[in-house]
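Work out the full structure, taking the sequences as your base and the hints as a guide.
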Amino acid sequence: MLIGKVVGSVVSTRKDEKLESQKLLLLQIFDQQNKPKDQYVVAVDSVGAGTEDMVLYAAGSSARQTTQTDGKPCDAVIMAIIDSWDLGGENVYEKWA
Amino acid sequence: MLIGKVVGSVVSTRKDEKLESQKLLLLQIFDQQNKPKDQYVVAVDSVGAGTEDMVLYAAGSSARQTTQTDGKPCDAVIMAIIDSWDLGGENVYEKWA
Amino acid sequence: MLIGKVVGSVVSTRKDEKLESQKLLLLQIFDQQNKPKDQYVVAVDSVGAGTEDMVLYAAGSSARQTTQTDGKPCDAVIMAIIDSWDLGGENVYEKWA
Amino acid sequence: MLIGKVVGSVVSTRKDEKLESQKLLLLQIFDQQNKPKDQYVVAVDSVGAGTEDMVLYAAGSSARQTTQTDGKPCDAVIMAIIDSWDLGGENVYEKWA
Amino acid sequence: MLIGKVVGSVVSTRKDEKLESQKLLLLQIFDQQNKPKDQYVVAVDSVGAGTEDMVLYAAGSSARQTTQTDGKPCDAVIMAIIDSWDLGGENVYEKWA
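Protein chains in written order, with my numbering: chain A, 16 to 112; chain B, 16 to 112; chain C, 16 to 112; chain D, 16 to 112; chain E, 16 to 112.
Do not take every clue at face value.
Identical chains blur together in the list; that is why a pair holds if it fits in one copy or across any two.
List time: in silico DMTMM-like cross-link candidates among lysine to aspartate or glutamate, alpha-carbon distance up to 25 Å [what the hints assert, rightly or not]: (1) 38 with 101; (2) 50 with 85; (3) 110 with 32; (4) 20 with 105; (5) 110 with 98; (6) 52 with 32.
Hints are computed from structural coordinates only; laboratory data are not their basis.
Predicted model, so just to flag it, every value in this text is computed and none were measured.
As structure tokens, then:
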């Protein structure tokens, strides 16, 4: 999984029928030191993530292993909202700080 | 999923029989700020996308989860036509603007 | 899928038994403007491609969705020979030109 | 598989229910000469890896082939703790050295 | 598939039980002109490859399609030892030269 920040959302009315009612969020990918990378991904949200949340997303076929995305044409899913992470013994990110 | 723009199409008469009648579109991949990236992909169209449409495509095994692509040797599918997206609270793309 | 040009072939006598009699072709990957990229892939040929043909290949599990590659340890398959493609309304490649 | 070093962990209380009780470790990816690369991945630990351990992780659908990760939305799993490796006849890394 | 050279091996006693007795080889990835790339992968050997052999490996779920790797948490498998390959009509590599 990689770390992403919810920075936007995508609206589509004409899409595969299996994707009806799925929230499509735009994630900026971050590195392990909490710095933004010049990469993004559009992911289905399965955990109720909100703007500016730091999240984990799973890609590929693993993105279809949530109840919500099972069998859908979706290659990225937000499967966790991050509370905190540490790197080399130091706290790098703390949601409630 | 990544964002792409329909910029062309590929014609092939000699192909795997499962791909008969499948429309193969050439997508230029775009970044989150609506700028073209130096990357492309050829994707099967499952939503009736047209030239210059901004679309989402799913890659890998997820590209085979539409009714149209099920069981086919296809690793990229257009599964949504984008109406709009926003980034950091600002509207970046609006189809009908 | 990406565009490749058949530029060579690989010979192997000691290989997984499921790959017996499979033709292994060396593809140079091309960009959307018909320029070679500094990337290659070795793919199983399922459509009878020949030297210098421009082809499409599918990667990952999708490479196992042809009758020929089903269940085989193969992560890239040529599933179409390209006749032509266009980009931004202009013809970029024409096999019979 | 690629080589990684356990450099941290990620805490998440709000996540897909299938991921309850899964330990999420932050891995810095290393090259074959035991030098850190500027890449990371967050992986589920299935072997009891600890801080600073050098490990192997499997990505994609292969990450769901351990008993612990079967059917879960997880695209990277630590499936081995490395004791040692050699390169070109020379020992590069030795856990117990 | 990509071309690799067997340059080392990885030893691990603590690993997923499905990987018991699997030989884990370190491959340096090579380009189509037989020049080393700055990339490596650790792959399970299913064909009895030895040091300095040039091999093909399959990645992703295709790495689990050999009898030996079926159902295992392994995302790269050596499935062929290369005898020779040619590029643009010229022989680039010959095992027995």
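Hint check:
1. 38 with 101: The answer is between: 13 Å across copies meets 25 Å, while 29 Å in one copy does not.
2. 50 with 85: neither (32 Å within a copy, 32 Å between copies)
3. 110 with 32: between (35 Å within a copy, 20 Å between copies)
4. 20 with 105: both (20 Å within a copy, 16 Å between copies)
5. 110 with 98: Intra 5 Å, inter 32 Å, cutoff 25 Å: intra-copy only.
6. 52 with 32: neither (32 Å within a copy, 29 Å between copies)
In the structure shown, a violation is registered for the earlier hints numbered 2 and 6, in ascending order.
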